[in-house]
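Enquirer: Given the coordinates of chain A, assemble chain B onto it according to the supplied hints.
Number of protein chains: 2
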Amino acid sequence: MDKLYVIKIGGNVIDDEFALNALIKQFAALEGKKILVHGGGKLATRLAEKMDIPQQLVDGRRITDAETLKIVTMVYAGLINKTIVAKLQSCGCNAVGLSGADGDLVNAHKRQHPTMDFGYVGDVDRINAAFVTTLLEQPLALVISPITHDAKGQLLNTNADTIAQEIAKAMSGSYETTLIYTFEKEGVLLDVNEPSSVIPKIGRAYYKELKEPVNGESRIFAGMIPKLDNAFVAIDKGVKEVLIGKAEKLQELIAGTAGTTILND
Amino acid sequence: MDKLYVIKIGGNVIDDEFALNALIKQFAALEGKKILVHGGGKLATRLAEKMDIPQQLVDGRRITDAETLKIVTMVYAGLINKTIVAKLQSCGCNAVGLSGADGDLVNAHKRQHPTMDFGYVGDVDRINAAFVTTLLEQPLALVISPITHDAKGQLLNTNADTIAQEIAKAMSGSYETTLIYTFEKEGVLLDVNEPSSVIPKIGRAYYKELKEPVNGESRIFAGMIPKLDNAFVAIDKGVKEVLIGKAEKLQELIAGTAGTTILND
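Protein chains in written order, with this note's numbering: chain A, 20 to 284; chain B, 20 to 284.
Hints are computed from structural coordinates only; laboratory data are not their basis. Honestly, I wouldn't trust all of these hints.
Given that identical chains are not distinguished, each listed pair holds provided it fits within a single copy or across any two copies.
[Claimed, not checked] Under the rule of at most 27 Å between Cα atoms (straight-line distance), these lysine-lysine pairs were calculated in the DSS-like manner: (1) K171 with K69; (2) K171 with K268; (3) K259 with K69; (4) K129 with K44; (5) K171 with K61; (6) K227 with K129; (7) K171 with K44; (8) K268 with K246.
Remember, predicted model here, so these are calculated numbers, not experimental data.
Isolated chain A (complex conformation) (with noise of 0.2 Å):
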């Protein structure tokens, strides 16, 4: 099977210019089959707070109603898909930008919860792994923002690590797949004040261990759980490995000369 590469970029990385050059330009040298999923980073909240319109926070999740949909599709699916795009371009990498409305790319609901309206959020039921396909073997390099679409004609604001996850499981029938989530630190810390913390594997027992409480924590930053019981899902999904890293180090990630890798053993 060919390897495939399917990279979230973090919302840091996307509102610090350097970084986010650094990561295209290794993107686009990249041998092989090769995926950029983006959020929006805090361009989406700047353009709503010009525009005047309020966003709300639940839990630290933001309501999508009408207008912040608006706004997400225009900053997510425009500007920064487009602009990532046109760079790559540059680069002699040649990219196609696509949300999940896109050839039926990403089908998804609007997420129903007991107690709560989060608006035009959705929830992924299905990748067109078929379309991705077609599209990888052109070859073209895909970059993909996390608006998906519910085929009745609804556009919805998605988690962008989610969709990651979502493609990367859909296709790891098709290629051998590495998923790799880029931010601003440098893998998973055992100390989160600590740059030089970072633990280079983790396997399953290994991960057990480190969510065990002492003095009533975890070992690991808390923030890093949800991220890493994805990465564990990820793997049972099929998914070869999972790695975790700064953006600027993409071919060392690879390589496991940096970040964290997360393996199934």
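Expert: This is chain B only, laid out in the frame that chain A set:
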């Protein structure tokens, strides 16, 4: 050769939800290969106003400064493009929305002018016909926004009429191509104030006659002349016919029972 329809949606149609929905339904139902090219209507201007970005018009042309380029990329390549794609999906038409940067679809250069700087306005150099063919043969319908790129990382704002024409010309070697300009009027009118005065067919000889001044004025509305000149250029370059008419009457335009047909005779 298979038939291909390249359909430009006029700006006023984008602003009129009823007309847009009617066009989208008829486009979805259309048999054969098909491409929709759209501009942005008044949405980009309204967004610029909300964000206090002054819009400069010189001789009726919008100057695209860096902030305005961001706005048109958000509105054209993001909001309008993805809204149309999601609507098409809901009509059972599998469509993919693209800018000119995607798949290197439309290569352009920043407009050169001896005395004026139009800003980030692009003039088309090349259409990637092989990429268009690959997608059409899936089969997929294409929805194209008029944001192009210069292959050096710069996005450019480009005239949507021109993009429709360039694509129709580039594809006419591979498909029997009909180029359709839809707008809010019934077709080319002999009397601009009289919707029933639509001219059903215009060939070269008749066009020459129509342009001849009578009492110092051409017999057709001066605003139509550049569109008609362009139509004959397209026909010279291999496009089979050009149709001009009302967006809500797409099926009748194609059937030849409404609008104006520009022919090579």
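Enquirer: None of the hints should be skipped; say for each whether it holds.
Expert: Okay, the hints, checked on the actual structure:
1. With identical chains, the CA atoms of K171 and K69 are never at most 27 Å apart, being 31 Å at best within one copy and 30 Å at best between copies.
2. In this assembly of identical chains, the alpha carbons of K171 and K268 lie at most 27 Å apart only when taken from different copies (24 Å versus 41 Å within one copy).
3. In this assembly of identical chains, the alpha carbons of K259 and K69 never lie at most 27 Å apart, being 43 Å within a copy and 48 Å across copies at closest.
4. Proximity of K129 to K44 under the C-alpha cut-off of 27 Å is restricted to the inter-copy arrangement: shortest distance 24 Å between copies versus 36 Å within a copy.
5. In this homomeric assembly, K171 and K61 come within 27 Å of each other (Cα to Cα) only across copies, at 26 Å, whereas the closest approach inside a single copy is 29 Å.
6. For the homomeric pair K227 and K129, neither the shortest alpha-carbon distance inside one copy (34 Å) nor that between copies (57 Å) is at most 27 Å.
7. With identical chains, the CA atoms of K171 and K44 are at most 27 Å apart between copies only, with a shortest distance of 13 Å across copies and 38 Å within one.
8. For the identical chains of this complex, K268 and K246 are intra-copy neighbours only, at 19 Å inside a copy versus 51 Å across copies, given an alpha-carbon limit of 27 Å.
Consistency note: the structure conflicts with the earlier hints numbered 1, 3, 6.
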